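Enquirer: Below, each chain spelled out in residue letters.
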Amino acid sequence: MPIDFEILGIVWLSLLVATTSTLIGSLVGIPLGAIVAIKEFRGRNFVRTLAFTFYGFPPVLAGLLMFLLLSREGPLGFLGWLFTPMGMILAQTFLVVPIVMGITISAMMAVEKRLHETALTLGADDRQWRATALHEARAGVFTAVMVGFGRAISEVGAVLIVGGNIRGSTRVMTTAIVLEVSQAHYVEATVLGAILFVISFAVFILLQRLQARGVV
Amino acid sequence: MALGGRGTSGRIPDPLPWPSFVAAWRIAAVLAGILVLAGLAVTWGSVRAPSVLLATTTSTRDSGLLDYLLSHFLEDEGISVRYVAVGTGQALDAGRRGDADVVLVHAPVAELAFMAEGHGLCRSPVMRNEFVVVGPTSDPAGVRGLTNATEAFRRIYGSESLFISRGDNSGTHIMERQIWSWVGIQPTASRDPWYKESGQGMGPTLIMASELGAYTLADDGTFFVRASSLALEIVVSSDPPLQNPYSVIPANPSRHPGVFLAGAVAFAKWIVSERGQSLIASYTVDGHQPFHPTGEDRC
Chain A
1286 MPIDFEILGI VWLSLLVATT STLIGSLVGI PLGAIVAIKE FRGRNFVRTL
1336 AFTFYGFPPV LAGLLMFLLL SREGPLGFLG WLFTPMGMIL AQTFLVVPIV
1386 MGITISAMMA VEKRLHETAL TLGADDRQWR ATALHEARAG VFTAVMVGFG
1436 RAISEVGAVL IVGGNIRGST RVMTTAIVLE VSQAHYVEAT VLGAILFVIS
1486 FAVFILLQRL QARGVV
Chain B
26 MALGGRGTSG RIPDPLPWPS FVAAWRIAAV LAGILVLAGL AVTWGSVRAP
76 SVLLATTTST RDSGLLDYLL SHFLEDEGIS VRYVAVGTGQ ALDAGRRGDA
126 DVVLVHAPVA ELAFMAEGHG LCRSPVMRNE FVVVGPTSDP AGVRGLTNAT
176 EAFRRIYGSE SLFISRGDNS GTHIMERQIW SWVGIQPTAS RDPWYKESGQ
226 GMGPTLIMAS ELGAYTLADD GTFFVRASSL ALEIVVSSDP PLQNPYSVIP
276 ANPSRHPGVF LAGAVAFAKW IVSERGQSLI ASYTVDGHQP FHPTGEDRC
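For the record, the sequence lines run as chains A and B.
If you read the first sequence in this note's numbering, its first letter stands for residue 1286, the second for the next number, and so on.
If you read the second sequence in this note's numbering, its first letter stands for residue 26, the second for the next number, and so on.
Just so you know, the hints here were simulated from the structure itself, not pulled from any lab data.
Predicted, not measured: the structure shown is a model, and the values here were computed from it.
Glycine residues also receive a C-beta, built at the ideal position from the N, C-alpha and C atoms.
Treat each hint with caution, since some may be false.
Stated by the list, open to error - Derived, one-sided and incomplete: chain A residues facing chain B with beta-carbon distance under 10 Å:
1) Thr1305
2) Ile1315
3) Gly1328
4) Phe1352
5) Pro1360
6) Ala1416
7) Ala1487
Stated by the list, open to error - Here are some chain A residues the structure puts well away from chain B; computed CB gaps all over 12 Å:
8) Ile1292
9) Trp1297
10) Thr1304
11) Ser1306
12) Asn1330
13) Phe1337
14) Thr1338
15) Gly1341
16) Arg1412
17) Thr1428
18) Gly1478
19) Leu1491
20) Gln1493
21) Arg1494
The task is simple: from the sequences and hints, build the whole structure.
Expert: As structure tokens, then:
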């Protein structure tokens, strides 16, 4: 494979899919995590254990479930999302949500004990207390988002099954590497791997800078 | 850290104003939402363009034929084709589920079953290549020069020489099991230490056979593409039952109403047309012609 516009397209799609699914996963996972961390309800420990278990959910299994769900024969088949980037975003969101949720829970439960009484003494109502706890846990929440992105950009099993590795349509960096290796194009595969690594590195440097500047 | 910046000086302030950081969180959430919508919009836009989804086998992709044909098809008919290259079993299953608009596969028996189940609209022969037995130059089973794969398999079995099976229910794997049944045995990876299953496509299986000094069954098209990087050679060829015919089958719209029928039929007709056939005939890899046209329009 020549180093050309095709590779740029692959890099672009990788970032598009991973970023979109990480953001959706965060918008869903952070509030869910906050609720689980703060609200007392029956089955709360079970939900926490479940979220932690899903950290290690095999992407290839997520891919299979999403494939069966999105196949025309499946319950979501009418969407026509199988073998499209939309399906890939859905599959990766499924992987990212429990990670963001789980790390958010851990981070917020760490601040809860030392802060709750202070907040109440100062007259905060329940909603204000939740917002405060979330804010205090922001470093952990930020870590949650970063780990979620790391998961999304690096996984291959789910996007391979749901996306189908279609040239110019659903091929991302990880599935391109799998293809190049299967064709014994080890140089191309290594180049793609290096690009993937450099991009991940750049994204995390950017995020760390934001954190260091106190933006987050 | 204090609870926000303001409103905490009184003894029991009532009610507290929302601390300033809440605004920052809200802005972050709205920004994330906008980015998500933008991302989905861009992604959605790429989905909307109508294109044919072709499910096919790894041999047509790995030989480079597909990219070559599809770019000409786009020029001629203005229809773009996206393809997933998998084993024949999985490709037919994509058709069975209605996930593919058209399939291009090589497993006549499985294709006939597919047609009998009513999943295919019509089935046209497209081209053929040939299965060959490849093995290490040392040829431990002594099969070089045979033109009978069944005899070759019998000798591989007799000498317990290493053999790598695709083991993935692909067209090649189906052919291999057929040959073993002609020998009269069904080797299994659990019982026979000389028989291994790669569970992967033709390319990775050839690499594995080359690394381990093993025999395997391959389609000659893929083998020619890879030959330069492999320590393998063709030991058995020109066995008449080892012809490998490819067919094109558009999905049946009465069974699968969601398919892009016009595009699928256009592709099925184009690939067996004079134009498509001459393109297949003129396609070569390193001086070898991997596919021989046998097209006949039955759609």
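Enquirer: Over 12 Å to the closest beta carbon of chain B is the bar; see if glycine 1341/A clears it.
Expert: holds (23 Å)
Enquirer: Grab the minimum beta-carbon distance between serine 1306/A and chain B and tell me whether it stays above 12 Å.
Expert: The assertion about serine 1306/A is violated, with a minimum of 9 Å to chain B.
Enquirer: May I ask you to check that threonine 1338/A keeps its beta-carbon over 12 Å from the closest beta-carbon of chain B?
Expert: Threonine 1338/A is indeed farther than 12 Å from all Cβ atoms of chain B, at 26 Å.
Enquirer: Identify whether the interface hint at alanine 1416/A stands, where standing means a beta carbon of chain B within less than 10 Å of its own.
Expert: Hint on alanine 1416/A: holds, closest Cβ of chain B at ~5 Å, below 10 Å.
Enquirer: Have a go at the proline 1360/A hint: is there a Cβ in chain B nearer than 10 Å to its own Cβ?
Expert: Violated: closest Cβ of chain B sits about 13 Å from proline 1360/A, beyond 10 Å.
Enquirer: Taking the least C-beta to C-beta distance, is glycine 1328/A closer than 10 Å to chain B?
Expert: Since the shortest Cβ distance to chain B is 27 Å, the answer is violated.
Enquirer: Does isoleucine 1315/A pass the interface check with chain B, least Cβ-Cβ distance below 10 Å?
Expert: holds (9 Å)
Enquirer: Decide, holds or violated, for the assertion that all CB atoms of chain B are farther than 12 Å from the CB of leucine 1491/A.
Expert: holds (14 Å)
Enquirer: Is the claim that threonine 1304/A lies outside the interface with chain B correct, judged by CB distances over 12 Å?
Expert: violated (6 Å)
Enquirer: So is threonine 1428/A really clear of chain B, every C-beta pair being over 12 Å apart?
Expert: Non-interface label stands for threonine 1428/A: nearest chain B Cβ at 15 Å, farther than 12 Å.
Enquirer: Against chain B, does glutamine 1493/A hold up as non-interface, every C-beta pair farther apart than 12 Å?
Expert: holds (17 Å)
Enquirer: May I ask you to test the interface hint for phenylalanine 1352/A with respect to chain B, counting a Cβ-Cβ separation under 10 Å as satisfied?
Expert: At about 9 Å, which falls below the 10 Å cut-off, the nearest Cβ of chain B leaves the hint on phenylalanine 1352/A intact, so it holds.
In summary, the structure is inconsistent with hints 3, 5, 7, 9, 10, 11 and 16 from the numbered list given earlier, while agreeing with the others.
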